[in-house]
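A.B. asks: Read left to right, the sequence shown gives residues -16 to 491 (this note's numbering).
No wet-lab data here; the hints were simulated from the structure.
Think of the CB as a built atom: it goes at the ideal place given N, C-alpha and C, for glycine as much as any other residue.
There could be a bad hint or two in this list.
[As the list claims (entries may be wrong)] Just the calculated beta-carbon pair ranges, DEER-fashion: (1) 61 <-> 94: 44 to 54 Å; (2) 315 <-> 91: 48 to 58 Å; (3) 235 <-> 266: 17 to 27 Å; (4) 94 <-> -12: 36 to 46 Å; (5) 291 <-> 165: 26 to 36 Å; (6) 242 <-> 38: 52 to 62 Å.
[What the hints assert, rightly or not] Under the rule of at most 20 Å between Cα atoms (straight-line distance), these lysine to aspartate or glutamate pairs were calculated in the DMTMM-like manner: (7) 110 <-> 276; (8) 350 <-> 410; (9) 240 <-> 15; (10) 133 <-> 221; (11) 153 <-> 129; (12) -4 <-> 410.
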Amino acid sequence: MLVVFGGLYSFNKMDIDVFPDLTAPTVVILSDCHGMSTEEVERLVTFPIETAVNGATNVRRVRSSSSYGISFVWVEFDWGTEISRARQVVSEKMVSLSNSLPQGITPQLAPQSSIMGEILYVGLQVKGDSTAVEGTSMMELRSLADWIIKPAILATGGVSQVTIIGGDYKQYQVLADPQLMEAYQVSMDELYGAVSNMCVNTEGNVIRDYSNEYALRGMGRTTDLDQMALTLVKITDEGRPVAIGDVAEVIVGSSVKMGNGSMNGKPAVILSISKQPNVNTLEVTENIEANLENIRHTLPADVEMNTSVFRQADFIEASVNNVSEALIEGAIFVILILFLFLGSFRTTLISVTAIPLSLLGTFVVLKLLGMDINTMTLGGMCIAIGSLVDDAIIDVENVYKRLKQNHRLEPSLRKPVFDVVFEASKEIRTSILNATFIVIVAFLPMFFLSGMEGRMLKPLGITYIIALFMSLIVAMTVTPLFCKEMLSGEAYLAKQDKDSRVTTVIQN
């Protein structure tokens, strides 16, 4: 009973995934380079970062990608390195770069994720004609994703990051007019300084009156274009104030696009959601979808949200179901073959009992080892399904034979049933142990695989060995008990003098 309940509990609590985690400990360094060209990004940002981290402890490989205005550097560590330690090592190296990079560029560590981290794509799209003047624009759709949907998803436990693709990113743009700037004798530095400070709140003093405190502030933050245009740039020598609107045009526009998103052939905003490592994909996906369902009712009438663009949980469920079906089909074939050869329902039932008990015990051990359910662990069980009954069959057949031999003796010469079962089980115990350990030894070379191959195939070997070892324990403990209770009846043994027809045909 402990094995049954422990196995069911462990199965329900274990994480489920498609494959084992194949990602070496990796830290991603992201640098926003403010419109620098690809060559400048490579020379001034990416190369110094690569040089700094190349000699770090346990670093085995450094890769990079430089493009217009952005730099990515992937720092891969040796297998087995704690990711928290890896991030600490990279952070220490980044401190030494503070004076080596162009002004205003601060490398950031991307959120912790893995190669299997992308679990869900969510698509936002305007219904009907997305180019219509009325209704939600692509800029409003992107703002909706940035400020409403993304924070709600990040608030879900287990989510690492949300990347938004497509749409028009809203910007307040100041388009300078060179002729007007020359006429008003305004330099670009002066205009840039005014723009930098035009939407800034300023602090004042505190007025205390009758035990009350009143904070004084200068409220400069605004979204009104006319107010922004009235921001003072300078006062000319003649005493005339020059505002931003005198030398430039203030508009709402979209930033330069570095990519685009589409869904079903129409423009869309796509949210790519990544999970944290060692998190249950199915559970996180369900929580995200529940939050998105609450948000769906608050969206504009002409905006539709599609959560099935890409859903890793579908692949997980399909793969696990396929392997589970193969497991069940294999068990059915084993039962049929056993019944044909053993010719007895009771002996077949006792032998087959080893399958669920061994598998449930395997789940308990896998849970204790911190492993999850995936196609490789289930594959190990599928491979072992035929071997799980081997030890039990040997034990059942020997006990069954000794019980029939004992029953054929005179009543005064018969041994107690317990003694017969114990001696019969003890008689073949060494053979069972040797046979099981030989098979286990044959799988040991799999544990010497390294790198991605080892991460992929070791769970299969571990699961197979655990399942086989659990079947050995079942055959040495539970099977003799069932034999004593189900095969020792006088009436039953009296009817079982002959072998099964299949066995008789083979023997003849």
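A.B. asks: When the hints from earlier in the document are held up against this structure, which numbers fail?
C.D. replies: The structure conflicts with hints 1, 3, 5, 6, 8, 10 and 12, although it agrees with all the remaining ones.
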